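Peer 1: Respectively, the protein sequence lines represent chains A and B. For the first sequence, the working numbering assigns the number 1 to the initial residue and increments by one for each residue that follows. For the second sequence, the working numbering assigns the number 1 to the initial residue and increments by one for each residue that follows.
In short, the hints are calculated from the structure, not lab data. As the structure is a prediction and not an experimental result, all values here were calculated from the model. Any given hint might turn out to be false.
In this list, chains with the same sequence are indistinguishable; a pair is considered to hold if it fits within one copy or across any two.
Simulated pairs of lysine-lysine, PhoX-like, Cα-Cα distance not exceeding 25 Å [unchecked claim]:
1) 277 with 184
2) 146 with 266
3) 164 with 40
4) 184 with 164
5) 217 with 277
6) 220 with 306
7) 87 with 302
8) 217 with 87
9) 302 with 217
Number of protein chains: 2
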Amino acid sequence: MNQFRVAILGVTGAVGQEFITLLEERNFPVSELRPLASAKSAGSKIRFRGQDIVIQEAREDSFKDMDIVLSSAGGSVSKRLVPHAVKAGALVVDNTSAFRMDPEVPLVIPEINPEDIALNKGIIANPNCSTIIMLVPLFPLHRVAKIKRIVVSTYQSASGAGAKAMKELEDQTRDILEGRQPRKEVFPHQIAFNLFSHNSAVDAETGYCEEETKMVKETKKIFHDSEIEVFPTTVRVPVMRAHSESIYVELERALSEDEIRKILGKAEGLQIVDDRKANHFPMPIEASGQDDILVGRIRVNKSRPKEIAMFVSGDQIRKGAALNAVQIAERWAGSAAVKTS
Amino acid sequence: MNQFRVAILGVTGAVGQEFITLLEERNFPVSELRPLASAKSAGSKIRFRGQDIVIQEAREDSFKDMDIVLSSAGGSVSKRLVPHAVKAGALVVDNTSAFRMDPEVPLVIPEINPEDIALNKGIIANPNCSTIIMLVPLFPLHRVAKIKRIVVSTYQSASGAGAKAMKELEDQTRDILEGRQPRKEVFPHQIAFNLFSHNSAVDAETGYCEEETKMVKETKKIFHDSEIEVFPTTVRVPVMRAHSESIYVELERALSEDEIRKILGKAEGLQIVDDRKANHFPMPIEASGQDDILVGRIRVNKSRPKEIAMFVSGDQIRKGAALNAVQIAERWAGSAAVKTS
Numbered sequence: 001m002n003q004f005r006v007a008i009l010g011v012t013g014a015v016g017q018e019f020i021t022l023l024e025e026r027n028f029p030v031s032e033l034r035p036l037a038s039a040k041s042a043g044s045k046i047r048f049r050g051q052d053i054v055i056q057e058a059r060e061d062s063f064k065d066m067d068i069v070l071s072s073a074g075g076s077v078s079k080r081l082v083p084h085a086v087k088a089g090a091l092v093v094d095n096t097s098a099f100r101m102d103p104e105v106p107l108v109i110p111e112i113n114p115e116d117i118a119l120n121k122g123i124i125a126n127p128n129c130s131t132i133i134m135l136v137p138l139f140p141l142h143r144v145a146k147i148k149r150i151v152v153s154t155y156q157s158a159s160g161a162g163a164k165a166m167k168e169l170e171d172q173t174r175d176i177l178e179g180r181q182p183r184k185e186v187f188p189h190q191i192a193f194n195l196f197s198h199n200s201a202v203d204a205e206t207g208y209c210e211e212e213t214k215m216v217k218e219t220k221k222i223f224h225d226s227e228i229e230v231f232p233t234t235v236r237v238p239v240m241r242a243h244s245e246s247i248y249v250e251l252e253r254a255l256s257e258d259e260i261r262k263i264l265g266k267a268e269g270l271q272i273v274d275d276r277k278a279n280h281f282p283m284p285i286e287a288s289g290q291d292d293i294l295v296g297r298i299r300v301n302k303s304r305p306k307e308i309a310m311f312v313s314g315d316q317i318r319k320g321a322a323l324n325a326v327q328i329a330e331r332w333a334g335s336a337a338v339k340t341s
Numbered sequence: 001m002n003q004f005r006v007a008i009l010g011v012t013g014a015v016g017q018e019f020i021t022l023l024e025e026r027n028f029p030v031s032e033l034r035p036l037a038s039a040k041s042a043g044s045k046i047r048f049r050g051q052d053i054v055i056q057e058a059r060e061d062s063f064k065d066m067d068i069v070l071s072s073a074g075g076s077v078s079k080r081l082v083p084h085a086v087k088a089g090a091l092v093v094d095n096t097s098a099f100r101m102d103p104e105v106p107l108v109i110p111e112i113n114p115e116d117i118a119l120n121k122g123i124i125a126n127p128n129c130s131t132i133i134m135l136v137p138l139f140p141l142h143r144v145a146k147i148k149r150i151v152v153s154t155y156q157s158a159s160g161a162g163a164k165a166m167k168e169l170e171d172q173t174r175d176i177l178e179g180r181q182p183r184k185e186v187f188p189h190q191i192a193f194n195l196f197s198h199n200s201a202v203d204a205e206t207g208y209c210e211e212e213t214k215m216v217k218e219t220k221k222i223f224h225d226s227e228i229e230v231f232p233t234t235v236r237v238p239v240m241r242a243h244s245e246s247i248y249v250e251l252e253r254a255l256s257e258d259e260i261r262k263i264l265g266k267a268e269g270l271q272i273v274d275d276r277k278a279n280h281f282p283m284p285i286e287a288s289g290q291d292d293i294l295v296g297r298i299r300v301n302k303s304r305p306k307e308i309a310m311f312v313s314g315d316q317i318r319k320g321a322a323l324n325a326v327q328i329a330e331r332w333a334g335s336a337a338v339k340t341s
């Protein structure tokens, strides 16, 4: 089997750390690992397959001889460095929003549009976490009954804002329990024992925040369906690392609850957790650390049989970010291996 | 001004405690206060207007000479004791679900259907907290543009399950921060750093939990509109005492965002918190302890101008329970005072 030289851009972040875990767990054919981060972290070490590897500063010339770059160092770093990685000949799977809407860049969820991987010109974009967690369970239904529109409300974890935000949730919670004033550094509002509209900039005209605009635009691109309507309300909740979403969908043709369960039961990347008797449905603590998106509260609106609801939870760092990117790299590597063998 | 002899049934609970605070704060004309609770709490004291008053055991004969009973001791206690309070001549404002759907019992939110108060035959029911917090901001829009349907996802605080549930959220959080296994007593699932579908029984056939069924049925009754459709998804979040709701509404005629703001700006019982530039919208920590429901994220769906969205937060113990009940009692007392003067 072909081996690949893999660079990780932003290796010290929550997603960067998860890249390491996943490459080990999934036995990705890595012949060389090059961990890259800001100058601040350069010189410290990360552990990979029992070896300590020194983190290098991410610079324009950091990508020489790399086959694959897994990138998650923020949009501005990606914009600056990813073109150099491409020029050096690497395939970049970029986890930021920098290139997602670029018509030259495929935006891929492997369970949905793996065929788009082949269209890449050096960059494949990884979708926004909320988009991935919403679309993995919706696509199998879209394929058989065509989704006309989605109304979605999210319950997004701290991890979506990175490792520092997770620490802030923990610190603030401790401060409050011990009677101290909680300090705000990452989030604009207190996250402990609170919730707030997503902390991305809100468009003064439309009232949508950037997180919501991503869900609208990325869904159209991934589904190759410019007609599909998405109306999202994105909310940050005091949960550590899994996002949940309350999803309401209008289909072109009616599906029964049994049909929905049958379709989702056969689908990749998800698991049905829908026990009405035990009141057991998707929960972030059960989704955390899992590869699968958990799907439950499956209901058909009896007075409008073409409309259905579900509640989902998915690990934001895994399927919402690092896992999806590694799965893209695996598919690409599989086809690259075929070509070169 | 007339004075009233007031009994509080379930005085040791979260809502019972808030009744005391509100009667003091709002200067309710109380000539005698009779605190009632289970045998377990009988004999201990509560403080009211600078005096210690001994809690009595709530029994069938506890209501002699009372004018008003504020009741919040759970549905089964209400079913057993409220009829005796009515027989003893008191007006009962009942905060449980025991009588809400009884056609003989008015179900009242004073900002919406105060005229129903006069129809009482001894009992006035206080609606479910999620229903109140949803309907106070929706009714002013319903009056001018008729709401055809509501799709709502809730973010409900621990307080909705009582004082013990709030304690459980605190204890579990502390356990997790200190590396101990969190204990579950009140909620079926871990609430700290987690969320789950509402902890009321789920109907095996429809898939709705009781909390959702309440929102559907109570909305029709309070609005006197059997046609209005409500599709709720109710979720418990690790927040202490204010519920939030992401509300999507279809109107019979289009309203602009400016019109919505104008209508809501003049409405009673709510406050608009909708600062797109500052990313400042309703949050449970700001709604806690407030009488008003906070309303924001007001958006019209550009591709469907009859459809609008908003995000609301309201104190579950205040307007969601105790305050609404006291406001009902105030309105009733006002008209009773007129009649007797």
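Peer 1: Indicate, hint by hint, whether the structure satisfies it.
Peer 2: For each hint, the structure was consulted:
| no. | hint | result |
| --- | --- | --- |
| 1 | 277 with 184 | between (41 Å within a copy, 19 Å between copies) |
| 2 | 146 with 266 | within (18 Å within a copy, 42 Å between copies) |
| 3 | 164 with 40 | within (15 Å within a copy, 47 Å between copies) |
| 4 | 184 with 164 | within (11 Å within a copy, 29 Å between copies) |
| 5 | 217 with 277 | between (38 Å within a copy, 22 Å between copies) |
| 6 | 220 with 306 | both (20 Å within a copy, 23 Å between copies) |
| 7 | 87 with 302 | neither (55 Å within a copy, 41 Å between copies) |
| 8 | 217 with 87 | neither (28 Å within a copy, 62 Å between copies) |
| 9 | 302 with 217 | between (30 Å within a copy, 15 Å between copies) |
Of the hints listed earlier, those the structure fails to meet are numbers 7 and 8, in rising order.
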